[in-house]
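These are the residues of each chain, in order.
4 protein chains.
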Amino acid sequence: MSNKTGIAIVGSTGYGGVELIRLLASHPQVEVTSVISSSSAGTPITDGYPHLAGIREELLDDVEPAKIKEKADIVFLATPAGVASKLAPQYLEAGLKVIDLSGDYRLKSPQLYEQWYGKPAAGKAYLEQAVFGLAEIYGDNVRGASFVSNPGCYPTATLLGLVPAVKAGWIDPASIIIDAKSGVSGAGRGASLGTHYSELNENFKAYKVNKHQHIPEIEMVLGDAAGVPVVTTFTTHLVPMTRGIMSTMYATIQGDRSLSDFIGLYKQFYEGRSFVRIRPEGQWPATKEVWGSNYCDIGFAVDERTNRVTIVSVIDNLVKGAAGQAIQNMNVMMGWDETLGLQFVPAYP
Amino acid sequence: MSNKTGIAIVGSTGYGGVELIRLLASHPQVEVTSVISSSSAGTPITDGYPHLAGIREELLDDVEPAKIKEKADIVFLATPAGVASKLAPQYLEAGLKVIDLSGDYRLKSPQLYEQWYGKPAAGKAYLEQAVFGLAEIYGDNVRGASFVSNPGCYPTATLLGLVPAVKAGWIDPASIIIDAKSGVSGAGRGASLGTHYSELNENFKAYKVNKHQHIPEIEMVLGDAAGVPVVTTFTTHLVPMTRGIMSTMYATIQGDRSLSDFIGLYKQFYEGRSFVRIRPEGQWPATKEVWGSNYCDIGFAVDERTNRVTIVSVIDNLVKGAAGQAIQNMNVMMGWDETLGLQFVPAYP
Amino acid sequence: MSNKTGIAIVGSTGYGGVELIRLLASHPQVEVTSVISSSSAGTPITDGYPHLAGIREELLDDVEPAKIKEKADIVFLATPAGVASKLAPQYLEAGLKVIDLSGDYRLKSPQLYEQWYGKPAAGKAYLEQAVFGLAEIYGDNVRGASFVSNPGCYPTATLLGLVPAVKAGWIDPASIIIDAKSGVSGAGRGASLGTHYSELNENFKAYKVNKHQHIPEIEMVLGDAAGVPVVTTFTTHLVPMTRGIMSTMYATIQGDRSLSDFIGLYKQFYEGRSFVRIRPEGQWPATKEVWGSNYCDIGFAVDERTNRVTIVSVIDNLVKGAAGQAIQNMNVMMGWDETLGLQFVPAYP
Amino acid sequence: MSNKTGIAIVGSTGYGGVELIRLLASHPQVEVTSVISSSSAGTPITDGYPHLAGIREELLDDVEPAKIKEKADIVFLATPAGVASKLAPQYLEAGLKVIDLSGDYRLKSPQLYEQWYGKPAAGKAYLEQAVFGLAEIYGDNVRGASFVSNPGCYPTATLLGLVPAVKAGWIDPASIIIDAKSGVSGAGRGASLGTHYSELNENFKAYKVNKHQHIPEIEMVLGDAAGVPVVTTFTTHLVPMTRGIMSTMYATIQGDRSLSDFIGLYKQFYEGRSFVRIRPEGQWPATKEVWGSNYCDIGFAVDERTNRVTIVSVIDNLVKGAAGQAIQNMNVMMGWDETLGLQFVPAYP
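Chains as they are written, first to last, in our numbering: chain A, 1 to 349; chain B, 1 to 349; chain C, 1 to 349; chain D, 1 to 349.
Here chain A stands alone, though its shape is the one from the complex:
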């Protein structure tokens, strides 16, 4: 009856899934027709998420492709690593379009996946089919695609901050150091000592130094932009807050580039892209300034003493770093305006 495109969300009981529900609720062209959870199928989603009372009261569906195909045209996979590699092929074969929010189809090299994720890689054919959905960089590939792999949260903030300068040859790719910080929701909803309130509140800590599985994803795209392999230093930290990622990036400048040159370069690079906002001189973005929205805000400092540029990039890890970017990819895949249903003003304060 409805002319809207039907959407299924697999992994609805995780933070990524529940954020898709929030954001898609006001999308003008689609309707979420199936919320799916293999672990909680048959129970109402409001059992685990009372905030959805009166909004989504129906029972959770199971993951079977045929059943999903009856209700939906597009599937979002908001599942942990290792699950999408099994489910995505079935959904594609059933004729569904698939957007995978996990890491399973981001790395084109199965060897790299197995090395960094410690799990069997997805099949080669599907790896090749999956388009890396960083729409501001690879939008042409996303357009019309039926299988998109949504970038990781850290790579999104980091790559949007680095690619224009790397592509322009303005920074030395070998000099790149990335100091990244994330709110705790990036760790998902699974309870553990590492995400226990009393351990994280009033605490700031480093983790997985040089070992985060987002490193090869970042280096894959930077290498593509630089035209040569790139190796980076990448540190991740947990911030005592729920949402938000900041990537503070350092690199040695090549050529004679001022602060306003950098600002100009990025403004030009992202011209017409609504979700990247370049900050004026002397202003650096804070994570709260993009909270709840699909923006990525970027600011710069150029230090003549050291000939280095400092690039500060922020996103909401659950929106631009996950569910929002996935919807943006859907919009581009479908040929819709990429901002459709995503024009949220950041919630401030």
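Any given hint might turn out to be false.
[Stated by the list, open to error] In silico DSS-like links for lysine-lysine, alpha-carbon gap of 25 Å or less: (1) 86/B x 97/B; (2) 267/B x 208/C; (3) 267/A x 208/D.
I should point out that these hints are in silico values taken from the structure, not numbers from a laboratory. Bear in mind that the values here come from a model prediction, so they are computed numbers and not experimental data.
Keeping the supplied structure of chain A fixed, place chains B, C and D upon it in accordance with the hints.
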């Protein structure tokens, strides 16, 4: 050109004003045509709120009624106490509809206002004209009104939690005790020692015990519901979080009423009102479950040992407790569906 | 060689145990000679608590009474409910003095214990032997005792705030309503969805309304103070912070009592007790003002309109609500000054 | 009567001053005989700090040298930049020993001070007399000194993390990049929009990129260690927490150095220094693990792919970064054990 109703927001640089901007950005029937600040007129709002970059770039307007009337049909006053009492009459006389978010027109008694606010009261004629805009209770008065006084944040959570039981005679009005807790954004954007980060983080404190200016507002409406004057005990606390109010309320039950009786009574009372959600047995709402939305969630416990009911009511103080409720009032005033532009899913987590 | 009294801590890997280690490190009369954990025996405590590096490097001991007796004279039991009821008798029989921080020996009625804790009660003889160690109220019993049951965190804040007025007959015991709020560390170190960072941060929630297992403990002592059985309304809430409890208490005043009467009564009642501080008129304590210390701060408001008194009492739940009070009890048991090793200035901010 | 050394604290109503009061309360060799505030002299310190009730009830003194000399032998200056440069000479001339916690005497070059602080520098003679009190590096100079300038909070965490490697020539000084993060208490107690609770909670932001006044202090000491001038890239961020600094540092390794080489080098360098703890392989310190204590914890990662070392150093900014280190300096000046009165176990959680 646009067929949308023009909106002016006075006090745009406060948290209430900036939340109106956020919420109204996606309202289908209106357009914010003037954002106004007497203190910052002539400068861009993005100076103080960089999160609005690319969203609202124009300069702030001044408060003059004639200028506003050229651009707008409805004015929201998100100004501190003592300001609306001066501005509202001018705007009304200029033919604008006015929704006042401050406390200036809530109390019908000038004496009470002066006693609790320590400022000169608004003029008697306008006090009488102003409709108290708790739409779930006084919706009939709001419909078609041109001047609405938006309830306070604490009274909203508290009254939605108490009025049905008081009206039904199920609780003894003389026994009501209200223990309220608020996030810090309720104190506004003005910096002070009392809202200094290091003083509030990892801290929980009581303030204005028995002295909060929202007390007479609560008692005015409870008295109206009870048909007799009501005096309450009301305590306010600051919670180390930004948004959210919880009102935990205690009263002695009159008659033989079970937990499911209370749930039934409230469900019936709020039937058809989209923004009040009644929780099932054994479930109490948490403030995060309404974060960023216009919902008021209410849960109950009945203690047979003491013959008391405990009522727990939560809202987002900046939405249902301020900007969202003001927009709801606008919708009702204009004869639109009261949920128009307000169907936000709470942002969780 | 050392003349110090040897101390064993059972349950060292919980928050209560690790706080005992922190506080006892500077106690002039004792030395912690054994840190014990049944689950982690044989591993260093720094594996789970790197903050103890360089402070306590030795391996964790096991729970055997004979081994403990070789090293220690006093045992602190910082174990979950249901464990102390099994261990305490063995340690007492081995000739050790025992201070139990769990709920196993607080309620003198096995029936009440089984009803509220849902576990088998401790043996009757030991229940009778265990002294309820609220030293400001029952100090005479604690002196010279060899088995003390340390009060719960909520009861400590609540009872210190209510007993003087109840004993004096200044408030109606049947009117008492207790609205309590706690930091998250009270839930211990076990990871669960209910203590997951992203669920609690920027959130305030009620839990176990009328059902918390501390209710019978509070009513036992209030009944003792009143001379008649007392039934209360008691609500618990989780505050997004790590440490701190506030109990906001309401009661109807009996007789003609002013605010300064209440302040005078409490100052007199607690004269000579270093850890209870009574606040002057118009000042209510905040939890941060006792953070890290053994203080209980109490403030009052008297409302002539309702004839009710509001009593606000705060403690650090891990110090005065657990480890600090246990050490205070040890001091009193041993005939030492009750403040020995406990004169910490609150950590502010 | 007391044989203890008398201590005066100037600037007692700031966070540094109040932390000195907390820490010195349990120092066995000294007694705080005068707490001083030019702005609040004559009023009790408990007016602004109720947590000191029952601990320090006396009125605040004024800043006059003669009066102070009557009561004290040592003065701690916990005043804002620009104040100590005026007061310290008077106190030294009055025969008092002085420990200055501000930035006024850290930089030996008046030009650098004026450039980075934007205020007139202190007199040259006193600048030369002031010993830079990073006791782990310059302890020999501190011993017996009568005028010590206490290092800044960021420099303390940063320099303890870098000096051993720079001195050993294991890292290229020109490659050093410092990404520093601080809790909000480092900004002091003065209320401002930048430290307003609702602006900082659930927010992470960069500030003063390449412009922080601690940069020349860091470079002064690094240059001293390297034997050549050093220029660094230094970024500061605000973390939504009260206490704690983490400095994440990056540098290119010179020579063939493994992770265990670095750990060994630092363990040797800090041998016998109680307050620096070196973490084992694969463990990075978190700020909470030093909360409330005088520890500086340091961890390492070596990346063979990039030939860079990542060094993570944490302190409590109010203790090792201010008051605790000042007391440590006092201990060294007086020939006492440097840990006297500072053996606090970190408060965890």
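Quick rundown of the hints versus the structure:
For a cut-off of 25 Å, the pair hint linking residue 86/B to residue 97/B stands: about 15 Å separates their Cα positions. Under the criterion of a C-alpha separation no larger than 25 Å, the hint pairing residue 267/B with residue 208/C is consistent with the structure, at around 23 Å. For the hint linking residue 267/A to residue 208/D, the alpha-carbon distance of about 23 Å falls within 25 Å, and the restraint holds.
Violated hints for the displayed structure: none, as all numbered hints are satisfied.
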